[in-house]
Every structure is written in structure tokens, then in C-alpha cells.
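Enquirer: Read off the chains here:
There are 2 protein chains.
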Amino acid sequence: MKNYHMLRPSDIKITGGILGEKRRLIAGVTVPYIGNALCDEVAGIRKSGSVENFRIASGEVRKEFHGLVSQDSDLFKWMEAASLALAQQEENGFLGEKGNKETSRNMGLRARLKELADLLERCQMKDGYLNTYYIINGLKHKWSYLKESCQLYCAGHLLEAAVTNYEVTGERSLLEIAMKYGDCIDRAFGAEEGKIHGYDGHAEIELALYRLYEATGMDKYRDLADFFVEERGKQPYFFNQEKGNVDVTGNLVYELKEDDFHHSQSHLPVREQKEVVGHAVKAAYFYTAAADKARLSKDEKLYEAVEGLWEDVTEKKMFLTGAIGSSEYGESFTYAYDLPGDLMYGETCAAIGLFLWGYHMLRMDTDRKYSDVMERALFNGILGGISEDGKKFFYTNPLEMDPERCKKRKDYSHLETERQSWFDCPCCPPNIARLILSFNRYMYTASLGELNIHFFASSAADIEGWHVEQRTEYPAEGKIMLTVERKGEGKGRLRIRVPGWCENFIIKADGKKVEGTLEKGYLLMEEDFSHKKIIELDLDMPLKKVYANGRVKSLAGKAAVMRGPLVYCLEQADNGELFDLFFKETGKLEMGEDGTVLAEGYRMAGPGSGLYTYQKPDYREENIRLLPYYRWNNRGAGQMRVFLGERGYLNGSEDKR
Amino acid sequence: MKNYHMLRPSDIKITGGILGEKRRLIAGVTVPYIGNALCDEVAGIRKSGSVENFRIASGEVRKEFHGLVSQDSDLFKWMEAASLALAQQEENGFLGEKGNKETSRNMGLRARLKELADLLERCQMKDGYLNTYYIINGLKHKWSYLKESCQLYCAGHLLEAAVTNYEVTGERSLLEIAMKYGDCIDRAFGAEEGKIHGYDGHAEIELALYRLYEATGMDKYRDLADFFVEERGKQPYFFNQEKGNVDVTGNLVYELKEDDFHHSQSHLPVREQKEVVGHAVKAAYFYTAAADKARLSKDEKLYEAVEGLWEDVTEKKMFLTGAIGSSEYGESFTYAYDLPGDLMYGETCAAIGLFLWGYHMLRMDTDRKYSDVMERALFNGILGGISEDGKKFFYTNPLEMDPERCKKRKDYSHLETERQSWFDCPCCPPNIARLILSFNRYMYTASLGELNIHFFASSAADIEGWHVEQRTEYPAEGKIMLTVERKGEGKGRLRIRVPGWCENFIIKADGKKVEGTLEKGYLLMEEDFSHKKIIELDLDMPLKKVYANGRVKSLAGKAAVMRGPLVYCLEQADNGELFDLFFKETGKLEMGEDGTVLAEGYRMAGPGSGLYTYQKPDYREENIRLLPYYRWNNRGAGQMRVFLGERGYLNGSEDKR
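Protein sequences, first through last, are from chains L and E.
Note that our numbering numbers the first sequence so that position 283 is 288, with each residue one more than the last.
Note that our numbering numbers the second sequence so that position 246 is 251, with each residue one more than the last.
Simulated from the structure, these hints should not be mistaken for laboratory data.
It should be emphasised that the depicted structure is a prediction, and the values quoted were computed from it without experimental measurement.
Some hints here could point you the wrong way.
One copy or any two copies: either way a pair holds, since identical chains are not told apart in the list.
30 angstroms max Cα-Cα, derived DSSO-like pairs, lysine-lysine [to be verified]:
hint, residue 1, residue 2
1, LYS303, LYS147
2, LYS517, LYS549
3, LYS68, LYS374
4, LYS119, LYS412
5, LYS374, LYS621
6, LYS550, LYS621
7, LYS413, LYS397
8, LYS279, LYS68
9, LYS513, LYS549
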């Protein structure tokens with residue numbers, strides 16, 4: 006089992022492609038926008054109150070707490086995203102400036118981060134506790150109702166923000182606050198007598214403590230995370246025994262009426278869990294932490310348990326876009342092969358969680374069963390969560406949208422017909438910002454002798470003695486030019502991921518075809534990299550129809566279109582009414598203008614008289630235009646579909662006729 | 006505009022066929038079963054408490070009220086069904102006895118009805134008020150919270166039971182109680198100052214008062230019904246102004262959080278309503294009453310309004326089975342062409358309500374747009390509501406069932422995977438009993454010179470001077486032998502419905518083909534019927550595929566199978582897994598054993614490896630067995646589908662190849 010450490014965000018620069026563009030947009034537009042929203046400085050959107058809550062908690066303002074118990078986490082996630090934006094100033098010639106000179110954007114961000122760190126310091130209690138809801142509403146309820154009060158969840162995001170801020174800026178002020186809070190939590194929770202033998206209903210503190218441990222090297226944070234990971238699911242159930250807090254009810258994200266331990270993955274100890282259940286984000290965050298524990302303690306058994314859960318979700322419970330969460334109720338998983346693209350939930354944060362979980366698996370094992378899923382989620386379920394202008398966001402990410410249905414049917418009312426400027430629970434906007442801005446650090450895993458290339462984007466990186474550059478239009482095309490050089494003597498091991506979607510590929514090193522079988526989907530080159538080596542990847546990337554496993558009842562007889570990692574969809578803006586369209590079973594697919602795709606299809610015409618009739622509908626040939634899923638809904642509300650029914654010939658092609 | 010009166014149940018005897026069988030089952034098994042359930046004498050089912058509530062209200066028992074505020078209505082509906090069962094003793098040689106001699110069953114029913122009438126009399130307040138919830142919990146809340154307290158709804162069912170009981174038995178004891186209650190309501194409600202200018206959230210009292218008026222000839226009941234019909238929907242909204250009653254909350258059927266006047270059709274006066282909205286049962290009962298008002302006052306404008314609403318529901322919002330109510334939320338209609346057979350509600354009572362509404366339209370206008378829908382609902386959506394053993398019932402009647410989905414997904418949890426022995430809200434069991442037992446009276450409308458034959462079943466009737474007999478296996482076959490004779494001289498007008506589903510038919514009178522165009526779907530014969538005339542109908546009844554209007558998004562590319570009025574469905578018990586089956590577009594349909602149908606189809610095989618794949622699924626030919634929808638779910642829980650996707654050739658048949 007490997008133990009790759011997390012790379013520093015500053016060490017990998019992305020210089021182009023979709024991800025370059027999105028990172029530029031997010032750093033330049035989204036991060037400032039969210040920052041303003043959290044300060045209630047954006048007109049016409051719902052109030053956040055997030056920063057104001059801290060001003061109230063610090064005693065500077067006299068008001069009531071505003072929002073949900075999870076509200077602090079929005080700011081912390083933004084602080085992490087803003088720190089990452091700082092690290093990214095050189096990319097893409099941002100604002101036309103290069104080098105170390107501070108941009109005005111960065112000066113603004115740096116100042117705001119400093120101001121916020123000062124505010125947090127003023128709010129923090131002497132014992133380190135720092136949660137505005139409980140500071141404002143009464144500390145007697147501190148650490149109560151952990152099932153739904155999100156206290157440790159919020160704390161976790163503070164820890165993550167602090168670690169990232171420290172990695173990027175080298176400044177310790179936020180890290181000190183986080184460590185003080187970490188110590189406070191450590192004094193309150195643990196196996197020892199007198200401590201709370203409990204955990205949070207929404208996992209997050211666990212993975213954050215591991216990050217704090219890895220940043221500071223202080224064992225206590227790791228030990229505490231270990232405790233949380235192993236404690237969850239033990240009997241008697243903590244949530245049945247903990248100190249309740251009825252006051253909090255009005256501010257809960259939601260409250261499940263039943264004693265549903267599955268919802269928070271606390272129905273069984275993680276080692277005994279065989280199926281992924283419950284809230285999709287909670288699950289992904291928890292299993293991420295469980296992966297960390299397995300890696301840090303080289304615990305093969307725990308790895309296998311978490312690997313089994315990964316396979317359960319990715320082979321039975323994941324939508325084509327990498328979205329997870331089949332049901333609005335509990336924002337949760339349901340059961341194997343239940344993947345209704347219309348009724349689903351598919352929270353942006355859940356796809357992000359899946360990506361992160363995959364990455365923490367990849368730190369142990371260079372297997373494309375992790376990186377393929379991460380890429381699927383990234384280019385579809387995650388990127389689809391943010392608008393082209395960087396200021397609107399999806400919370401839910403269905404594979405089929407009928408605005409009329411969503412507006413008029415209660416059972417579809419959880420789906421947004423358009424990306425939103427803000428939310429009552431604005432967890433997704435800062436989460437997508439921090440994920441995309443940290444994408445560069447997930448592109449590789451490396452050690453002194455090893456470099457594993459997981460993802461492709463024009464970029465330059467200096468990591469663990471390796472210098473690696475990529476030039477590519479990926480995923481618009483499958484050609485990638487790699488330049489790899491390694492300081493030091495002797496052979497180095499380079500692994501290059503050949504994506505699972507790729508059926509044919511050629512890899513050349515210095516102009517010569519590289520032969521070799523794939524190991525877990527990675528091509529291994531073991532040689533001397535002390536001189537710059539040029540490696541060309543040519544990943545065949547045709548347009549393809551994709552079918553779901555026959556056990557997915559809702560997708561029988563249906564197909565979707567993909568090209569490489571990109572899932573395509575149809576929009577009403579291009580095709581008119583979508584629900585009477587079908588793909589021609591043997592129909593051609595070809596690239597159209599502006600990255601769109603044209604597919605041969607049929608449109609049902611009629612029957613039109615009466616509600617029910619013996620008259621067969623007519624089908625007429627019609628070309629269908631598709632565009633990448635992540636680009637949908639940038640032209641107003643409208644119908645959207647990913648899967649369409651296929652019509653055609655039995656077991657044969659039209660040509661055979 | 007016609008004004009046919011309702012025929013007496015005793016005047017039409019049904020002697021065979023499906024309906025004969027079901028009536029025998031319901032009179033012999035279902036009515037006693039429900040009677041026992043209401044007395045809490047059936048072991049192993051949920052408590053009803055319905056009769057016990059009356060014992061508590063009478064002071065004989067000291068206990069808490071049990072159940073919902075609508076609980077009284079269950080008993081009243083049962084009393085109506087039991088009265089009808091009494092009227093039906095001669096049919097089918099029930100219990101092997103013929104003639105007027107009382108069967109032991111009837112003696113039992115008669116005694117129980119008498120006992121219950123006595124109990125009701127003991128409960129009734131001096132002013133006539135009779136509602137156990139409010140008698141037990143405090144009369145200070147009488148007539149409060151009419152929006153959801155079901156007081157007048159319950160009263161309406163008492164009135165209906167009393168009228169039917171009087172029609173069948175000639176005894177007045179129950180009728181007196183009903184009239185006394187009617188008088189009490191009349192003193193409380195009305196346009197006059199000092200009275201409540203309101204109405205019930207659940208329509209029913211209106212149609213019941215019209216029945217009481219027609220049975221007693223007393224105008225006050227009709228005037229009060231007129232008031233209720235016209236008052237609903239006036240502004241300011243009554244439900245915003247009425248006396249609240251918070252105590253009732255725990256016993257409500259449900260409570261909508263919003264001020265949703267659409268739910269109870271009280272958003273607009275009925276004359277201004279253009280679209281059917283809200284709770285499907287409430288809607289059907291209300292429009293039934295509005296039809297009564299139109300008929301009794303010969304109000305063409307009101308007729309047109311209600312006709313428009315009928316067309317809205319039957320041409321845009323009705324499932325193939327005659328089920329209505331597309332959404333569980335509010336048990337309600339949604340919007341035009343929103344007919345999802347899987348997520349739908351389709352309450353048995355709503356299909357019954359649609360049938361009754363259609364009948365009251367038919368009393369004004371002999372148009373098959375009413376009787377066709379009634380027949381569709383009867384043989385599918387209504388008959389499907391009761392099990393073959395007569396002791397289990399569906400509340401919801403979907404067109405697609407996947408038991409796993411219903412058990413594991415919250416958004417499908419309103420659907421029962423199997424018929425239930427009893428319900429917390431057991432409105433459907435006695436309702437289906439009273440509907441089927443009163444079916445005979447809806448078969449015809451008649452006046453001295455006119456006889457309109459709406460429905461077909463082996464039967465004999467003496468109505469308004471007409472003697473009419475039917476011999477047929479309908480709907481198992483389309484041949485009907487009619488014998489018609491009329492007392493009196495001169496020409497009579499006989500109208501025979503030619504069902505809308507029938508494309509070819511031959512009608513012969515005394516062996517000679519009758520020519521003539523259909524008027525509103527009825528063949529008119531105007532001649533002397535003073536001598537017995539033998540009329541043979543041969544309605545061509547092939548197996549047919551049926552398609553929904555192209556605007557029904559959820560049914561694009563799908564077909565169902567019908568034969569005559571019967572909708573067919575597939576069950577897992579016959580076909581295994583159903584969600585990978587398709588009809589062959591040009592495939593044959595043929596009758597199989599025991600009333601089943603065989604259809605040529607395809608089964609998708611695979612793809613089986615991985616969750617998503619480029620591999621196309623295979624399709625294999627497979628025969629599909631179907632059975633009439635009303636017979637589904639008599640072999641345990643399992644998948645069921647009515648509509649299947651069709652696979653085949655574009656705009657052509659396989660034969661053309």
C-alpha cells in the first residue's frame with residue numbers, strides 16, 4: 006500500500022483547456038462573488054449572514070444568528086477557495102500579469118482573508134471553541150445534538166481552510182486558530198473517560214483532522230481522527246444517547262424523523278459496512294477519512310472495506326455523470342441500480358465528495374478505477390454545477406429536466422430548473438470553487454522515484470524532483486504531449502493513466518512507440534528520466550453511444566452519447582420539445598459546431614387526437630443536437646435529457662436490410 | 006337538457022358476467038368483512054374504531070375517539086353498501102336461494118343495519134347533529150375548521166346511506182335520522198344572516214342533499230345543496246375566515262400547509278372554473294353535485310361549465326384505466342398530460358367519483374363521452390381496487406409497479422405493493438362495495454317513452470314501463486342479446502350505446518340489420534316496442550394496441566394492450582423481470598388461456614459488464630403474457646406494467662422488409 010502525500014497547490018500550474026478556463030473564471034469571478042455573498046454585499050440574492058454571524062459572535066454586532074447550523078462552513082470553504090485562488094495567480098496569465106508580483110485581485114483576497122482570520126480570532130472562545138450558532142445562542146448547548154448540529158462538520162471545514170491557507174501563504178494565523186480549535190475538540194472527544202464517545206452526524210472533521218495532522222505532524226490530531234472513524238456505528242448508538250438540543254430545530258439543514266442511522270453511515274462500524282447508504286455527501290466524506298486512516302496505518306483490512314464501498318457506489322449507484330444520490334429524501338443513496346435520471350438528487354457536493362474520496366484511494370493504489378470515476382465526476386457532475394458566468398450554481402444535477410414537471414409536481418420540486426445565484430444552504434458554491442481551484446494538486450501522485458499521471462491538462466509541475474509539463478486540448482481532443490524530467494540518477498517509475506473510456510491508444514516516447522501492458526489501467530515506464538523525455542499520448546476519442554447495465558431498470562432501451570470523459574445532453578434550445586425524440590439505433594454521430602454533436606434520430610409525430618387512440622404514432626427522421634452536459638442550462642430554463650430511447654432494428658443494422 | 010331520475014337498485018337484476026360475480030363476492034364476502042372490520046371484529050388488521058366511536062358518542066362506552074375525523078363516513082358508506090346487498094339477494098341465485106325468502110345473510114345484514122340505526126339514533130344530538138369526533142371531543146368545536154374536519158363530508162355519507170336504505174327497504178328509521186341531521190345543517194348553513202356562509206373542504210354533502218331532496222321531495226335540501234354548490238370559491242375565501250379548531254390536528258386525514266384553495270376546488274366559483282385541479286375525489290364529488298344542480302335547475306350555463314371540466318379531466322388528466330390523480334401530494338390532479346403511470350396516485354375512490362360524476366352528466370345528456378369513461382373506470386381503475394377473494398383493497402392504483410422501488414424510495418412509498426386488508430383511512434373498501442352493488446342502477450336511464458342502454462351485463466330490468474333483458478358474456482365478448490318490451494302504445498325511443506372503443510359493429514333487430522347513424526355514440530331506434538323485440542349487438546372486440554396522445558411525455562414510444570373496455574397488464578408472475586421487456590411494434594396479439602393475452606415482444610439481454618458500457622444490449626424475441634388489469638396482484642407482490650416501450654421498424658412493418 007502506497008502513502009503518497011498530497012501535493013502543494015502551488016507546485017502545479019494549469020495553463021489552458023477547460024480546466025484552465027474554469028479556474029480562471031472561478032478565481033477571478035466566482036471567489037469574489039461568493040465572498041461578497043457571504044458578506045451580504047450582493048444585491049437581490051438571499052441573505053447569507055455567514056460573515057455577519059461572526060460579527061455577532063465577536064460581540065461587535067447585536068443581532069440574531071441567521072441561517073442554518075452549518076452556516077459557518079460556507080465561509081470556511083470560501084476561505085479555502087480564496088487561499089487556492091491566491092496560489093493560482095500565475096496561471097493563464099491571469100489579469101495579464103506574471104511572476105510573483107501581487108495582482109490587485111490577490112491583494113484584495115489576501116486582505117480579506119487576513120481580516121477574516123482576525124475576526125475568527127476575536128470570536129474564538131478561550132478554550133478554542135468556535136461555532137457562531139452556539140456562541141450566539143448559548144454555549145450550554147455546546148457539543149449537543151451532534152446528530153444534526155453540524156458543529157464538528159463546521160470545525161472540519163475551518164481546519165481544511167487553515168491547512169490550505171498555510172500551504173499557500175505560509176502564514177500561521179489561521180492555522181493557529183484551527184489548532185486551538187482542534188485541541189478543544191481533542192479535549193472534548195475521545196475514548197478516555199469523561200470525554201464524549203461520539204461523532205458528528207455529518208462526517209468532515211475526520212478528514213480535516215488527518216489534513217491537520219499531515220500539515221503539522223502532530224499525532225494528537227491523527228489519533229482523534231482515528232477515534233472518530235472507528236467510533237461511528239458502534240453500539241449502543243451514540244445518537245440515541247447524546248445530549249439533545251431542541252432549540253436548534255429551526256436552524257437545522259433538515260431533521261429526519263426516524264432514527265435513521267444509515268443516513269449518517271453510523272448504522273455499522275465502517276469495517277462492517279458492505280453497501281453505501283444514506284446521505285451521499287456524508288458518505289463520501291466519511292469514506293475519504295476511512296481511506297486516510299487505512300493509508301496512514303497501512304491497514305489492509307480497512308482499505309479493503311473502503312474499496313468494497315467504492316465499488317458498490319461506482320458500479321451500482323453512480324449516474325453516468327458521476328453524480329451520486331438517487332433520492333431527494335435524505336439527499337441519499339437508495340439501492341443498487343436505482344438510477345432515475347429524472348427524480349434523482351445528484352448534489353454537486355456529493356460528486357465533489359466522490360472525487361475527493363477517489364483521490365484518497367489513489368494515494369494508496371494507482372488504479373484507474375479511482376481516477377476514471379474522478380474524471381467522470383469532474384467533467385460532468387461537478388463542472389455542470391457552475392454557470393458559464395461563474396455566478397450561478399446547481400445544488401441538484403439531474404440527467405433529465407422538464408421545467409414544467411419541476412414547477413408543478415411536488416415530487417420533482419427539489420430540482421432547480423436553472424442554476425441559482427444563492428441558496429438557503431449554500432454549501433455547493435464554495436465547494437465547487439475550492440475543488441476546481443485545487444484540481445491541480447490531484448493531477449499527480451508522486452514520490453522521489455515515482456510519478457503517476459492521473460489527469461490531463463496543459464500544465465507545468467515541479468514535484469518530488471520531477472518536472473512534468475503537459476500540452477493538450479484535452480478533453481476536446483485526446484492528444485497529450487508530455488515532457489518529463491527527473492532530478493537524480495537511476496531509473497524512475499512513470500505511470501500514465503490510460504482512461505477506461507479509451508479503447509485504442511498509442512503512446513510514444515521520444516518518437517518511439519511504447520509497448521507494455523496496462524497495470525490497473527496505467528502504463529508503466531521504468532527508465533532513466535534524468536534527461537528530458539518527450540512522451541506523446543494519442544488517446545482515440547470517438548463519439549460513442551453508451552448503455553447502462555441491464556439491471557438499471559429506468560435505462561432499458563436507452564442510450565447516451567459520450568466522447569472521452571464528456572457526457573453529452575440534449576437541450577430544448579437546440580431541439581425544441583425533447584420528450585418525443587429517440588436516437589436512431591444505428592444512427593451516426595458526428596461533431597458539429599462549437600463542440601456540439603449531431604446524432605441521427607427520430608421524432609415521434611402524434612398521435613394527436615384524443616387522449617388514447619388505436620392510431621400508431623408516426624416517426625420522422627430528425628437530427629438531434631447535443632452539447633457537453635457541463636454546458637447545459639446556460640441559455641435559460643428548458644428541457645434537458647442525457648439518455649434517450651433508441652429506435653431501430655432488432656439485433657441488426659439498417660445497412661443489413 | 007334531460008332530467009332522468011336515478012333508478013331503484015331493486016329494479017335491475019344482474020345475473021352473470023364479471024359484474025355478476027363481483028357483486029356476488031362483494032355482497033357475500035366483502036360487505037360482511039367490512040362490517041366486521043368496522044366493528045373491530047377482524048383479527049390481525051388495524052383497528053377501525055368506527056362503530057366503537059358511536060358507542061362512545063352514545064355514552065355506552067368510555068374511551069377516546071379513535072381514528073381520523075372522517076371515520077364516521079366509513080360506517081355510513083358500509084351501511085349504504087349493506088343496504089344494496091339486501092336489494093341484491095335474488096341475483097345469481099345467491100346462497101342457492103331464490104325468491105323473496107330472506108337469506109340468512111340478509112337477515113344478518115338487516116339486523117345489523119337496524120342495530121346500527123338504533124345506535125345512530127342514540128348518538129344523535131337533540132338538534133340533529135351527529136358526528137362522533139365532535140360529540141366525543143367537545144361540541145364547542147362543532148362546525149369549526151370545515152376546511153379539513155370532514156363534518157359535512159361525513160354527514161353527506163349518512164344522507165346517502167339513509168336514502169339508499171330507504172329505497173331498498175322502505176324503512177324510514179335511518180331516513181329520519183338523516184333528515185333530522187339535514188335540518189340541523191340547514192339551520193346552520195346558508196346565505197341568511199346568522200348562518201355560516203361556508204362549505205366543507207371535502208365535497209359530498211352537496212350531492213347527498215340532492216339525493217335526499219329527490220328521495221323526499223323536500224325543497225329545503227335542494228336549496229341548501231344549491232347554496233353549497235354556488236358558495237364554494239367565492240371571495241373572500243371562507244377557509245380564511247372560518248372558526249379554527251386546533252384540537253383536531255392529530256386526527257386529520259392530512260393538512261396542507263399552504264393556503265391551497267385549489268385543493269378543495271374552492272379557488273373559484275364552479276362556473277368560472279376551466280381546469281380540474283386539486284384533490285381528485287373532492288373534485289369528482291363536487292362536480293357531481295354541480296351537475297345535479299345544473300340538471301335540477303335546467304341551467305345550461307352550469308352544465309357547460311361542468312361539461313368543460315369533464316372534458317378537461319377525461320381528455321387531459323385521466324389514466325388509461327380511468328384512474329385520476331397524478332400526484333400523491335394532495336392526492337391530486339397536476340397539469341394537462343402529466344400522466345406518470347409509476348408515480349401516480351389513482352385512488353380507487355377517485356375513479357369511483359369519476360364514474361358517479363359521469364353518471365350524473367348522463368342524466369342530462371345521453372352522450373358516450375360520459376358512459377365510455379364510466380365503463381373505462383369501472384372495468385379497470387375501480388374493479389382493480391378489490392382482490393379476487395374480496396377482502397383486500399387498493400387505495401392507490403398505479404399503471405406500473407416495482408415493489409423494490411416502492412419499498413425503498415420515499416417518493417414511491419405512497420403506492421401499495423399489495424392490496425391491503427385495512428387502512429388508517431379506509432375510505433376505499435366500502436366505497437368500492439357500494440359502487441359495484443349499485444352498478445345496476447347506472448346501466449340505464451329511462452323515462453316513460455325512452456330507454457337508454459349504457460352498459461352491458463346479463464340482466465333483467467323493469468323500469469319506467471320498459472322490460473329489458475340482456476344476455477351476454479360482455480366484456481369477455483362483444484355479443485349482446487337484448488330483449489326489449491315496453492308497456493304502452495306508440496313509438497318508444499331506444500338508445501343503445503356503441504362504445505367508443507368499438508370500430509366495427511352490427512346491430513340487428515328481430516334478425517334484421519339496423520341502419521342508422523350514431524347520435525353522440527348511441528344508436529337510436531324509434532319504434533313500437535309493445536311487442537317483445539330481440540336486438541342483437543355484435544361489437545367487434547379485437548385485441549388492440551393503444552397509444553397515448555403525443556403530449557403525454559411519459560408515454561412517448563410506448564403502447565398498451567386493450568380489448569374492448571379492458572386494459573391489460575403484464576405481471577412478473579407470468580413474465581419474470583418486466584423492465585427489460587418491449588412490445589414488438591408490428592407484433593401479433595392473441596388470446597391465451599384463462600382470459601390472458603399473448604403479445605410478441607422482445608427482451609433486452611445485457612449489457613451486463615460494468616455499470617456503463619459501449620456494448621449495445623441484445624434483444625431477443627419473447628412472448629409476453631398479459632392479463633386484464635383488474636386481475637393484477639392476486640398472486641402476491643410483484644412487478645406490473647401497463648405500458649411498454651415498442652421496438653421495431655421505422656414507419657413500416659416487418660412484413661414490408
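Enquirer: Now tell me if each hint is right for this structure.
Expert: Evaluated hints:
1. Proximity of LYS303 and LYS147 under a CA criterion of 30 angstroms is satisfied in neither setting, with 35 angstroms inside one chain copy and 72 angstroms between copies.
2. Taking CA atoms no more than 30 angstroms apart as the test, LYS517 paired with LYS549 passes inside one copy only; the shortest distance there is 29 angstroms, against 65 angstroms between copies.
3. In the homo-oligomer, the alpha carbons of LYS68 and LYS374 never lie at most 30 angstroms apart, since the shortest distance is 50 angstroms inside one protomer and 64 angstroms across protomers.
4. In this assembly of identical chains, LYS119 and LYS412 lie within 30 angstroms of each other by CA distance neither inside one copy nor across copies; the values are 43 angstroms within and 52 angstroms between.
5. Within a single copy, LYS374 and LYS621 get their C-alpha atoms only as close as 45 angstroms, which misses the 30 angstroms cut-off; across copies the closest is 22 angstroms, which meets it.
6. Both within a single protomer and between protomers do LYS550 and LYS621 lie at most 30 angstroms apart by alpha-carbon distance, with minima of 28 angstroms and 8 angstroms respectively.
7. When the C-alpha separation of LYS413 and LYS397 is checked against a cutoff of 30 angstroms, the pair qualifies only within one copy, where the shortest distance is 23 angstroms, while the shortest distance between copies is 33 angstroms.
8. Proximity of LYS279 and LYS68 under a CA criterion of 30 angstroms is satisfied in neither setting, with 47 angstroms inside one chain copy and 49 angstroms between copies.
9. For a Cα distance limit of 30 angstroms, the shortest separation of LYS513 from LYS549 inside one copy, 25 angstroms, qualifies, whereas the shortest one across copies, 62 angstroms, does not.
Hint check: violations occur at hints 1, 3, 4, 8; the rest are consistent with the structure.
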